[in-house]
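Visitor: Line order of the protein sequences matches chains A and B. Counting the first sequence from 1 gives a position; the numbering used here is that position plus 317. Counting the second sequence from 1 gives a position; the numbering used here is that position plus 466.
What the hints contain is simulated information worked out from the structure, not anything from laboratory work. The structure displayed is predicted, hence computed values, not measured ones. Note that beta-carbon positions come from the ideal geometry of N, C-alpha and C, so glycine has one too. Each hint should be verified, as a subset may be incorrect.
Non-contacting residues of chain B with respect to chain A, defined by C-beta distances greater than 12 Å in every case (computed) [stated by the list, open to error]: (1) I468; (2) I480; (3) K505; (4) T509; (5) I580; (6) I584; (7) C587; (8) P618; (9) W700; (10) F730; (11) I801.
A few chain A residues facing chain B, derived, Cβ under 8 Å [claimed, not checked]: (12) F347; (13) E348; (14) W475; (15) Y477; (16) P480; (17) T495; (18) I496.
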Amino acid sequence: MCIPMKKLLLIVVVFAYVFIGRAEQIDINFEYPDIEGDFYLAGTVFFPPSSVMSVNNILILDTSTKKEIASKITVQERWPDDSIMSVEIIFPASSQKKTTYTIHYGSDIKRRKTFSEPAVLPTISFFPAGAGRPVENVDISVGQINVRVDKSTNIRYWWYIVPMAILLFLTVYRSVRTIRTQKL
Amino acid sequence: MIRISVARRIVQIICFVLLVYGGYIFKDWKESAETSQQKIFPTLKAPEGSVSTTQFEKGSILWPSGATPVIENYPPSLVCRFNPKGGMFKACIMHFLSENLTWQTSFKYLLPYITLFIALCFLLGRVWCGWVCPIGTVGDFLTYLRRKMNIPVRRFPERFRLNLSITGYSLMVIALAISTVIGMPNYARFQCYWFLPYCQICPARLICPMFGLIKPNWKDFSTGITTCFTILAWIVLGLFVAAFYFGRRVWCHMCVVGLINSWFNKGSGIELHKKAIKCIKCGYCADACPMGLTAMYQLNRDAIYNQAGCIMCMRCVEVCPRKGCLNVSFFGKKIGNMQRRTLDAKKVSEPVRRNVA
Ligand code: SF4
Ligand code: SF4
Ligand code: SF4
């Protein structure tokens with residue numbers, strides 16, 4: 318394999334690394350209500366910037382059966398890069414089958430089960446545990462002015478500097494070589 | 467083996483159909499393409515207080531018909547935002563740069579788009595111009611009509627071609643400067659007239675909708691500025707069409723997207739090689755070149771003869787009568803034998819030599 322081909326391979330590897338998908342998990346806390354039968358679990362979940370672009374990248378898993386639970390997910394707020402900041406999630410649960418649930422999100426996740434018209438059932442709130450809180454923003458209220466300091470670095474996008482620099486370097490290197498052959 | 471010029475025509479037609487009618491063909495794909503794209507590329511949107519094409523009303527120059535493209539990305543050829551049903555891709559790189567300078571989008575959000583653009587240019591150079599660009603294809607079709615009408619082609623002097631490039635670069639600088647200035651808060655009120663200044667006069671804005679089976683926005687005489695843009699757009703389109711009755715690919719010397727692509731031509735993966743010892747100085751290569759380039763004819767040593775103006779159509783390789791004299795390779799690996807002619811040096815007509823010289 319010639320040297321430029323090796324370099325090309327290197328670029329492909331770097332690209333693959335940058336483009337690689339990610340998946341994260343959030344546990345949810347709730348208490349089973351004193352009611353018989355089915356009910357809905359509902360709650361608001363926050364995500365870090367650039368982590369979730371579509372509601373189809375979020376799913377609910379029953380931890381005992383490892384099966385996806387049908388859910389209705391509504392976007393509430395978005396980050397400036399259009400990624401999702403917060404969503405409202407509602408999904409069915411039952412007092413007869415006690416289990417725990419986790420929320421999975423990220424570009425690797427594909428939600429398959431949805432429902433849009435929930436039946437009339439009691440709704441219990443859940444609270445996401447740990448990860449996913451929007452710590453990237455600080456809201457400061459200065460009298461009548463509200464200042465939002467965006468602490469997010471969105472490092473994911475800065476990674477593109479690496480393949481871009483390599484490509485530019487290779488272009489310049491190869492251009493100089495071409496010009497030399499023409500001038501010899 | 468299929469002739470390279472035939473292969474190019476087939477690719478051009480396929481790309482034209484995809485780029486201009488992609489919105490019709492792949493309308494069911496739009497949603498899944500959007501989700502996949504969002505994994506890698508941030509969605510770029512006008513911030514509060516800035517205009518975006520979607521706000522322009524029917525009848526205004528910048529009305530994009532409300533249709534969204536299948537893929538919100540920017541390939542290195544003149545694909546047009548003002549395509550009626552939304553083409554395969556969103557727009558050209560000039561649209562991308564102008565829009566985001568006005569929106570003052572953070573550089574980090576532009577990085578994935580710029581990196582992809584550079585990667586495509588690095589891999590294929592101006593193959594995007596010679597084989598993919600719909601406006602280039604329309605130009606080649608006009609050239610075909612001219613040939614059918616037996617109108618002789620004219621070779622423009624080097625100086626004229628240089629002036630066209632200078633005009634193109636000037637347009638680029640002016641358009642990007644205007645886009646930057648109207649992005650500043652003090653001048654934001656001018657955005658409704660000066661937004662995407664290059665797109666307002668680009669011939670693709672009128673040609674793509676015409677092929678997309680919709681009446682383009684030919685005129686907007688509502689204000690002085692829009693009237694100026696309307697008249698400028700007519701002049702540019704008129705020159706674009708008229709130029710094909712004199713020469714080949716005249717517009718491509720001053721096309722801003724082509725000029726940006728040309729920065730990558732000498733370093734791109736596609737290499738055009740000349741073996742000087744085999745050259746008989748017949749002049750067929752220079753005579754066939756739609757961009758009027760002569761380096762491959764003039765070079766008297768073995769060289770990679772990629773030039774900034776070359777659109778990688780490979781006509782020169784195809785018409786060269788000397789086997790192995792001109793070759794194409796991809797990162798040093800030779801691509802097939804593209805020669806069509808096998809001519810005796812004695813049979814080379816003197817007019818060809820004279821024409822090139
Ligand atoms: S230079 Fe010609 S072929 Fe290239 S993008 Fe511009 S119009 Fe298309
Ligand atoms: S130099 Fe050859 S490949 Fe380039 S534009 Fe001219 S004929 Fe086409
Ligand atoms: S067509 Fe081939 S042989 Fe003729 S001048 Fe060009 S490179 Fe030389």
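Visitor: Against each hint, give a clear statement of whether it holds in the structure.
Guide: The hints, checked one at a time:
no.: 1; hint: I468; verdict: holds (26 Å)
no.: 2; hint: I480; verdict: holds (25 Å)
no.: 3; hint: K505; verdict: violated (4 Å)
no.: 4; hint: T509; verdict: violated (4 Å)
no.: 5; hint: I580; verdict: violated (6 Å)
no.: 6; hint: I584; verdict: violated (5 Å)
no.: 7; hint: C587; verdict: violated (8 Å)
no.: 8; hint: P618; verdict: holds (31 Å)
no.: 9; hint: W700; verdict: holds (37 Å)
no.: 10; hint: F730; verdict: violated (6 Å)
no.: 11; hint: I801; verdict: holds (14 Å)
no.: 12; hint: F347; verdict: violated (29 Å)
no.: 13; hint: E348; verdict: violated (35 Å)
no.: 14; hint: W475; verdict: holds (6 Å)
no.: 15; hint: Y477; verdict: holds (4 Å)
no.: 16; hint: P480; verdict: holds (5 Å)
no.: 17; hint: T495; verdict: holds (4 Å)
no.: 18; hint: I496; verdict: holds (6 Å)
Figure legend: structure checked against the earlier numbered hints; hints not met, in rising order: 3, 4, 5, 6, 7, 10, 12 and 13.
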